[in-house]
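So the sequence lines, in the order shown, correspond to chains A, B, C, D, E and F. Numbering of the first sequence is given in our numbering, commencing with residue 1 and proceeding in unit increments. Numbering of the second sequence is given in our numbering, commencing with residue 1 and proceeding in unit increments. Numbering of the third sequence is given in our numbering, commencing with residue 1 and proceeding in unit increments. Numbering of the fourth sequence is given in our numbering, commencing with residue 1 and proceeding in unit increments. Numbering of the fifth sequence is given in our numbering, commencing with residue 1 and proceeding in unit increments. Numbering of the sixth sequence is given in our numbering, commencing with residue 1 and proceeding in unit increments.
One or more hints might be untrue.
Only pairs whose alpha carbons sit at most 27 Å apart, straight line, appear in this in silico BS3-like list of lysine-lysine [to be verified]:
| hint | chain 1 | residue 1 | chain 2 | residue 2 |
| --- | --- | --- | --- | --- |
| 1 | B | K48 | F | K48 |
| 2 | D | K60 | E | K100 |
| 3 | E | K46 | D | K60 |
| 4 | D | K100 | E | K46 |
| 5 | E | K46 | F | K48 |
| 6 | D | K100 | B | K48 |
| 7 | E | K48 | F | K157 |
| 8 | F | K60 | A | K46 |
| 9 | D | K48 | A | K48 |
| 10 | A | K46 | E | K100 |
| 11 | D | K100 | E | K54 |
| 12 | C | K48 | F | K60 |
| 13 | A | K60 | B | K100 |
| 14 | A | K54 | B | K183 |
| 15 | C | K183 | B | K54 |
| 16 | F | K100 | E | K54 |
| 17 | E | K48 | D | K54 |
| 18 | D | K48 | C | K60 |
| 19 | A | K60 | B | K145 |
| 20 | C | K100 | D | K46 |
| 21 | B | K46 | D | K46 |
| 22 | D | K48 | E | K48 |
| 23 | D | K145 | C | K60 |
| 24 | B | K46 | C | K100 |
| 25 | D | K100 | B | K46 |
| 26 | F | K100 | A | K60 |
Here are some, though not all, of the chain B residues that point toward chain A, as calculated from beta-carbon distances under 8 Å [claimed, not checked]:
| hint | residue |
| --- | --- |
| 27 | Y11 |
| 28 | N18 |
| 29 | V22 |
| 30 | E39 |
| 31 | S41 |
| 32 | S43 |
| 33 | G47 |
| 34 | Q50 |
| 35 | T52 |
| 36 | G53 |
| 37 | K54 |
| 38 | G56 |
| 39 | H90 |
| 40 | K100 |
Keep in mind the hints are simulated off the structure, nothing from the lab. Each residue gets a CB set at the ideal place from its N, CA and C atoms; glycine is no exception.
Number of protein chains: 6
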Amino acid sequence: ESYLGKRKFRYGMAETENQIGVATGLAYTTVGGDTLQIEVSLSAGKGKLQLTGKLGDVMKESAQTALSFVRARAESLGIDPNFHESHDIHIHVPEGAVPKDGPSAGITIATALVSALTKRPIRREVGMTGEITLRGRVLPIGGIKEKTLSAHRAGLKTIILPLDNERDLEDIPETIREELTFKLVSQADEALEIALEGENE
Amino acid sequence: ESYLGKRKFRYGMAETENQIGVATGLAYTTVGGDTLQIEVSLSAGKGKLQLTGKLGDVMKESAQTALSFVRARAESLGIDPNFHESHDIHIHVPEGAVPKDGPSAGITIATALVSALTKRPIRREVGMTGEITLRGRVLPIGGIKEKTLSAHRAGLKTIILPLDNERDLEDIPETIREELTFKLVSQADEALEIALEGENE
Amino acid sequence: ESYLGKRKFRYGMAETENQIGVATGLAYTTVGGDTLQIEVSLSAGKGKLQLTGKLGDVMKESAQTALSFVRARAESLGIDPNFHESHDIHIHVPEGAVPKDGPSAGITIATALVSALTKRPIRREVGMTGEITLRGRVLPIGGIKEKTLSAHRAGLKTIILPLDNERDLEDIPETIREELTFKLVSQADEALEIALEGENE
Amino acid sequence: ESYLGKRKFRYGMAETENQIGVATGLAYTTVGGDTLQIEVSLSAGKGKLQLTGKLGDVMKESAQTALSFVRARAESLGIDPNFHESHDIHIHVPEGAVPKDGPSAGITIATALVSALTKRPIRREVGMTGEITLRGRVLPIGGIKEKTLSAHRAGLKTIILPLDNERDLEDIPETIREELTFKLVSQADEALEIALEGENE
Amino acid sequence: ESYLGKRKFRYGMAETENQIGVATGLAYTTVGGDTLQIEVSLSAGKGKLQLTGKLGDVMKESAQTALSFVRARAESLGIDPNFHESHDIHIHVPEGAVPKDGPSAGITIATALVSALTKRPIRREVGMTGEITLRGRVLPIGGIKEKTLSAHRAGLKTIILPLDNERDLEDIPETIREELTFKLVSQADEALEIALEGENE
Amino acid sequence: ESYLGKRKFRYGMAETENQIGVATGLAYTTVGGDTLQIEVSLSAGKGKLQLTGKLGDVMKESAQTALSFVRARAESLGIDPNFHESHDIHIHVPEGAVPKDGPSAGITIATALVSALTKRPIRREVGMTGEITLRGRVLPIGGIKEKTLSAHRAGLKTIILPLDNERDLEDIPETIREELTFKLVSQADEALEIALEGENE
Ligand SMILES: [Ca+2]
Ligand SMILES: [Ca+2]
Ligand SMILES: [Ca+2]
Ligand SMILES: [Ca+2]
Ligand SMILES: [Ca+2]
Ligand SMILES: [Ca+2]
Ligand SMILES: [Ca+2]
Ligand SMILES: [Ca+2]
Ligand SMILES: [Ca+2]
Ligand SMILES: [Ca+2]
Ligand SMILES: [Ca+2]
Ligand SMILES: [Ca+2]
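Looking at chain A on its own, in the form it has when it is part of the complex (with noise of 0.2 Å):
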């Protein structure tokens, strides 16, 4: 516990084992692509809906969106479609001071509260992006070259990304292309299946 001691922990980096409740978003600020942490956690409770993060007013819509989604979609995901009655909802994302918005963080926030209310874990080397509507259709997105060189850097190994930004996919310098498998992806359900682990690994 000297401070000379070996680091184990930089944040931002992807992570060391699958988690639950924890999925790796790719966002896009004015000095370039980063990756985000989406956290979501359950505690006894009555239904509420906490957001957190200095979130901005489109990205708190797009969490409401995404898990009106999950609700919707609760019982063909192996849910208790009445969680929401006994359960609390806490949606944070870390680094508390950074103004944070915009709806491409649709589909991670609903991989992470899928895998929190089902406890299947999101394998590590997963990012995503899109934005979510209410029925789970992924819109496209911005700013796919930076976000996609910033999963990069961050060690991420496979990316989804909205079918419709498919064309975009051709700006990314190709050493880096080649080195992560793309996952293009019209429906939140295929990001889900590609992001969850099995329920039986």
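Chain A is fixed; fit chains B, C, D, E and F with the ligands onto it per the hints.
Chains B, C, D, E and F with the ligands in isolation, oriented as in the chain A frame:
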């Protein structure tokens, strides 16, 4: 699933099949017309109404008016008049970063609500615009020409408009006008009959 | 249903039949007088009051005052004094994008509320204006001349005005004045008696 | 009911008979003194307090203070100490478009509340002004001269003022002073005794 | 009751007898020191806390902190630990038009609360000032000299100050200092013991 | 109790004994470092969380995140998972007039909460700083040098810092560094173990 695969999805074009709880509206912005989707999702709950998609105050009030119209008309529409006690309703308008306002999505919202509550699918080729009142009156709106052009571009075939906008049809280029069927309505009930699949279809 | 068909509807003109829960008010704007409709809708609920139509704070308080007047007077009006426990009330003023404010729709709101709660229709040829107090006093308002002209244009026949506005009648052109019947009232009860169909009609 | 009929009503003048739940206050504006009516209405409910009439924050707090004074003093005033569980209280100050603020209507509000809760009428010739504290202390206020002149104009006969405003009486013209009876009080209970009809009257 | 009668009341001077639920604080404004009264009123209710008197955010938080201190300390103070379930608490600071802010009334608010909850009267000759923490620590505040002068003018005899303000006593003119008794406290419990009458008094 | 007596108290210095529900944090302002106390108080209630001390939005969200971490970790910490149903929690940061913001008090708040909920005292010589995430990850913060100097001045002996701030230790003057013990942590659980007295101590 290679990123070179064939595209299956493009948001903003007419759906490929009739859907439940999703209606197509016609919007009018400073840069021309556009189509938008109104999504409605129900989940087990206690009557909370959620409105997302960066909606302005007038559009939020329009959604509340559409919902009250549907609640007051529940019995004749075959909807459990107490549905609000056991369900939460979420109305979302995708492309969450784009601000939207105005009363002209009123009948579209009412149609999406009735579809979600009755499980009757909405005909995928129908687009609509018009303010709704508490009694279901359909009031005239602006931008008929631009809205109709965008509906045509999106592949829609039937356009529901307020009866009091009848005179504005002459502004639409004849070549476009001939490829579309116009339905002029003064009551939301007429719009519901046109847009929703029959119960025995 | 061709768009060349005969018009059946024009919003803002006198109704073609007596209706329940819709009263006609007289408004006064910087560009002259106008008529407006106050719509009231009841649905199964728990006493929530909803006010929509881009109403300013003074008009919202006026609606709350009208509702408290009706609640306090429930018994003598034949209304279940506990209606607020089992119903939600929505008051909407159409043309949702047009801002509206001021206390002068008070008696119109009270009349629409009593009509909705008693199911007594409102005479379609009656328009009215006047501030209401908690006790049902009718206070004078401005814009009598412009409001009366717009009422005449809309096809109304009977105009209910505050007694304390009596002196303003001389400002109305005689040709218009002769085609209208004026009812000067100091109590909202008088307005209700004039505007509502009798129980045995 | 012709508009040429005899006037029966003029708002702002002393009432023609003693009323329940309506007290007359004295206001002071940049253009001089005025009288105002405090109306209190009770209806079956769950303890909600509504304050309307374009009241500023200080006046709203003054009303809350007056209500807490009455609630704490309920037993000695002959009021059911649990009235707030079964009733909603609405306090309205007419002329809803005119902004009103300040603490000086405190004792007037307390008097109107006690009248509504005990059904004891308020003497129609009494006007009053003074800040109230939680304990019922009556604190001095400004504008005594202007307020008194407006009370005289409105036909009031008895004026209740804070004891600590005693020295301001000399500013009132003697001719006016002689036509009025002044009651200087340091406790709200004294004001209640003066303004309310006795139980056996 | 003639307006020429002898004055019985002047707000701001020391009370003429010990009272329950009213404590005297010392305030410091840009124009010098002043005394203020903290009034606490309890009524049958459900645990609502009301704060009035044009209080700023810091003073409101100070009141909440004082209340939490009292709630956590309820048992040792002889207060029913569930009083908040059956009572509403109203804290008011008279002279409702004068803005007040800052944390220095903390111990005064705690003293008034304990007096109201235990029915122990507060000694009328005691004034006090000091920030309170959740644990009842008393923190130093500013304006000791001005506050003490105003306490002296109001006729107070005993002044409770934070121990950490000890060094500021030397700034008070000796003639004043000799007519007052200073009590330096580091814990709110010490202030309560000094200001409240004993249970057997 | 003379004002010439010996000082017993000076706020901001290390406590004289281990306490329950009070943790010492390190703050960083434009004028240098400072220590602050996080106080937590529990009282019988219904799960309300109160946050006072002029806290900015980021600091409030940080407190909510710390609380959710504790709630999700309740069982392993020996805390009744339903404590929020029977208790209100008040978190206060003294010196109520001084604005405070930022996420760096996260682990301090978590430590104070766990102490209050488990009744385990906090070692009086420990100070700490670090952002907390929902999962209890400890993220790096700024101002390490200034914060450490102020901790030293306040008499603290053990400083808990985020592991990812390891490199900033070299900025601290060696003479100070040698008088302090540094604990670098990546998980809040490690901070709890260092700061809280053991159950059998
Ligand atoms: Ca980052
Ligand atoms: Ca491209
Ligand atoms: Ca679009
Ligand atoms: Ca035209
Ligand atoms: Ca109009
Ligand atoms: Ca005239
Ligand atoms: Ca007036
Ligand atoms: Ca004078
Ligand atoms: Ca004063
Ligand atoms: Ca000094
Ligand atoms: Ca400090
Ligand atoms: Ca460094």
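Checked hints:
no.	hint	in the structure
1	B:K48 to F:K48	21 Å, holds
2	D:K60 to E:K100	17 Å, holds
3	E:K46 to D:K60	21 Å, holds
4	D:K100 to E:K46	31 Å, violated
5	E:K46 to F:K48	14 Å, holds
6	D:K100 to B:K48	36 Å, violated
7	E:K48 to F:K157	43 Å, violated
8	F:K60 to A:K46	21 Å, holds
9	D:K48 to A:K48	25 Å, holds
10	A:K46 to E:K100	38 Å, violated
11	D:K100 to E:K54	16 Å, holds
12	C:K48 to F:K60	31 Å, violated
13	A:K60 to B:K100	17 Å, holds
14	A:K54 to B:K183	47 Å, violated
15	C:K183 to B:K54	47 Å, violated
16	F:K100 to E:K54	23 Å, holds
17	E:K48 to D:K54	25 Å, holds
18	D:K48 to C:K60	17 Å, holds
19	A:K60 to B:K145	35 Å, violated
20	C:K100 to D:K46	31 Å, violated
21	B:K46 to D:K46	20 Å, holds
22	D:K48 to E:K48	12 Å, holds
23	D:K145 to C:K60	35 Å, violated
24	B:K46 to C:K100	32 Å, violated
25	D:K100 to B:K46	39 Å, violated
26	F:K100 to A:K60	24 Å, holds
27	Y11	5 Å, holds
28	N18	13 Å, violated
29	V22	7 Å, holds
30	E39	4 Å, holds
31	S41	4 Å, holds
32	S43	4 Å, holds
33	G47	13 Å, violated
34	Q50	6 Å, holds
35	T52	4 Å, holds
36	G53	7 Å, holds
37	K54	6 Å, holds
38	G56	12 Å, violated
39	H90	4 Å, holds
40	K100	12 Å, violated
Comparing the model with each earlier hint shows violations of hints 4, 6, 7, 10, 12, 14, 15, 19, 20, 23, 24, 25, 28, 33, 38, 40; every other hint is respected.
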